[in-house]
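Undergrad: Got chain Z; can you put chain L on it based on the hints?
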Amino acid sequence: MSQARFYGEGLPYMRLGELPGKLIVIEGTDCVGRSTQVEMLRRWLEERGHAVSNTGLTRSALTQAGLDAAKEGHTLGRTTQSLFYATDFADRLENQIIPALKAGFYVLSDRYFYSVCARDVVRGADPEWVRSIYGFALVPDMVLYMNADLDHLVQRVVNGRGFNYWESGMDMSMADNLYDSFCAYQARIMEQLNRMAAEYGFFTVDANRTADAIFRDLTGHISRVIGDGGGDS
Amino acid sequence: MKSHNYPGRLFIVEGIDGSGKSTQIDLLYKWLIAQGYSVFFSEWNSSEMVKSTTRMGKRKHMFTPTTFSTIHATDFADRLENRIIPLLKAGVIVMADRYAFTAFARDVARGVTRRWVRNLYDFAPMPDLAYYFRVPLEVSVERILSARAQIKYYEAGMDVGLSDDIKESFRLFQGRIMDEYDAMTQEFGFTVMDGTLPIEDQQREMRAIAQSVLNSAPGLRRTPRNSGMTEGGAI
Numbered sequence: 003m004s005q006a007r008f009y010g011e012g013l014p015y016m017r018l019g020e021l022p023g024k025l026i027v028i029e030g031t032d033c034v035g036r037s038t039q040v041e042m043l044r045r046w047l048e049e050r051g052h053a054v055s056n057t058g059l060t061r062s063a064l065t066q067a068g069l070d071a072a073k074e075g076h077t078l079g080r081t082t083q084s085l086f087y088a089t090d091f092a093d094r095l096e097n098q099i100i101p102a103l104k105a106g107f108y109v110l111s112d113r114y115f116y117s118v119c120a121r122d123v124v125r126g127a128d129p130e131w132v133r134s135i136y137g138f139a140l141v142p143d144m145v146l147y148m149n150a151d152l153d154h155l156v157q158r159v160v161n162g163r164g165f166n167y168w169e170s171g172m173d174m175s176m177a178d179n180l181y182d183s184f185c186a187y188q189a190r191i192m193e194q195l196n197r198m199a200a201e202y203g204f205f206t207v208d209a210n211r212t213a214d215a216i217f218r219d220l221t222g223h224i225s226r227v228i229g230d231g232g233g234d235s
Numbered sequence: 020m021k022s023h024n025y026p027g028r029l030f031i032v033e034g035i036d037g038s039g040k041s042t043q044i045d046l047l048y049k050w051l052i053a054q055g056y057s058v059f060f061s062e063w064n065s066s067e068m069v070k071s072t073t074r075m076g077k078r079k080h081m082f083t084p085t086t087f088s089t090i091h092a093t094d095f096a097d098r099l100e101n102r103i104i105p106l107l108k109a110g111v112i113v114m115a116d117r118y119a120f121t122a123f124a125r126d127v128a129r130g131v132t133r134r135w136v137r138n139l140y141d142f143a144p145m146p147d148l149a150y151y152f153r154v155p156l157e158v159s160v161e162r163i164l165s166a167r168a169q170i171k172y173y174e175a176g177m178d179v180g181l182s183d184d185i186k187e188s189f190r191l192f193q194g195r196i197m198d199e200y201d202a203m204t205q206e207f208g209f210t211v212m213d214g215t216l217p218i219e220d221q222q223r224e225m226r227a228i229a230q231s232v233l234n235s236a237p238g239l240r241r242t243p244r245n246s247g248m249t250e251g252g253a254i
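Which chain is which? The protein sequence lines are Z and L, in order. Each residue of the first sequence is one higher than the one before, counting from 3 in the numbering used here. Each residue of the second sequence is one higher than the one before, counting from 20 in the numbering used here.
Derived from the structure by calculation, the hints contain no laboratory data. Backbone N, C-alpha and C define an ideal beta-carbon position, used for all residues, glycine too.
Derived CB-CB ranges, DEER-like: (1) L:Gly208 <-> Z:Arg80: 24 to 30 Å; (2) L:Gly194 <-> Z:Asp151: 55 to 61 Å; (3) L:Pro105 <-> Z:Tyr9: 30 to 36 Å; (4) Z:Asp182 <-> L:Gln169: 55 to 61 Å.
In silico BS3-like links for lysine-lysine, alpha-carbon gap of 27 Å or less: (5) L:Lys79 <-> Z:Lys73; (6) L:Lys186 <-> L:Lys77; (7) L:Lys77 <-> Z:Lys104; (8) L:Lys186 <-> L:Lys79; (9) L:Lys70 <-> Z:Lys73; (10) L:Lys108 <-> L:Lys21; (11) L:Lys108 <-> L:Lys49; (12) Z:Lys73 <-> L:Lys108; (13) L:Lys77 <-> L:Lys171; (14) L:Lys70 <-> L:Lys108; (15) L:Lys70 <-> L:Lys171; (16) L:Lys79 <-> L:Lys171; (17) L:Lys186 <-> L:Lys171; (18) L:Lys79 <-> Z:Lys104; (19) L:Lys77 <-> Z:Lys73.
If we strip away everything but chain Z, and leave its shape as in the complex, we get:
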């Protein structure tokens, strides 16, 4: 990405200088098949001689214990949750993503703040407020958005690990069972992500297909944008 660009205020106290790495974000809602693609992309990039750093929406060292404990309880308020996740994201950005970019790595980020933003907004946060908090976020080199129909998601869930509480948005009391809640919640999340796809210029990939077909599209976009399908960058 060479010169760092930010969505807003950035990190004014940090002298970033050159960032020779690339930041490639894979976005998409729960169960859309992101982790499979991230794994395939990692191998594909490594075969082309790039060092790859994986980072995802797993917790940062700073917030893991506290955030897990907070989600166990029943007193985690909406604003508190937004800010806790922003802390988590900032910690990973400053301590994992940026150092890797400085060292010339290709950073494959399994989600970015867009997903967190979508979850916050669906839960009632002011979209403008949440977006401006993430003014400290780096603008990625590219965002690949895996978009699938609700029915395709359900298909993947029932043949995979099953419905879970958070992916179904059960905390929002939209329905009295996991299936109905999952459908209502994921539809709202995807509505937000679709909105952001236009706003932030995501490359949207049809994820209603086989892993190989999706992979071909993703690598096609990467080759075109990063300008490097070959080996010598």
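TA: Quick look at chain L alone, frame taken from chain Z:
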């Protein structure tokens, strides 16, 4: 920050370390309790939910200016959502030792922008009274340095890299914070208190100002017994 329409009232104190604000709000708190009001006291950095994360981050020096700022906002949001707002709605007087302005002063002194941190706390209601205890920098620094054996890493702004000497760093960092407070006085309409006056004089003035706010607050709740509520331990 927007003004609120709750029946309760929100009184807060601000000032640099050693300005005497905690002494004064404690006296005001006791006076309000003695008057029979329902009063809730909230301390900066005291959310049970967030405390362990803040403590670990400070111990291991894990914070950047951004995460230092967002974790304190998280702590604040938890206290606001679970305590402060519900109690203001219930007609309680809420008192806070430090409020969002502490973040506006400190986090900017640390390196985030004024605009970003003000937006971060946009959800906070504007206090009905914000007392700013102003003392010359040397007075407050002397109070802290003579009273305490050790100053903590983040308290001294050691992460900002102003000086390798912790006392010198503390002095410089507090100076920056004070500049931010001074600049905010007009912006937020602080009630400026002269922190060099005798304790009794300051308290008398503080009570008189509080009384005028209470006179125009008909919806305040009273306690059956003389007991206040606190969180976050001693005040």
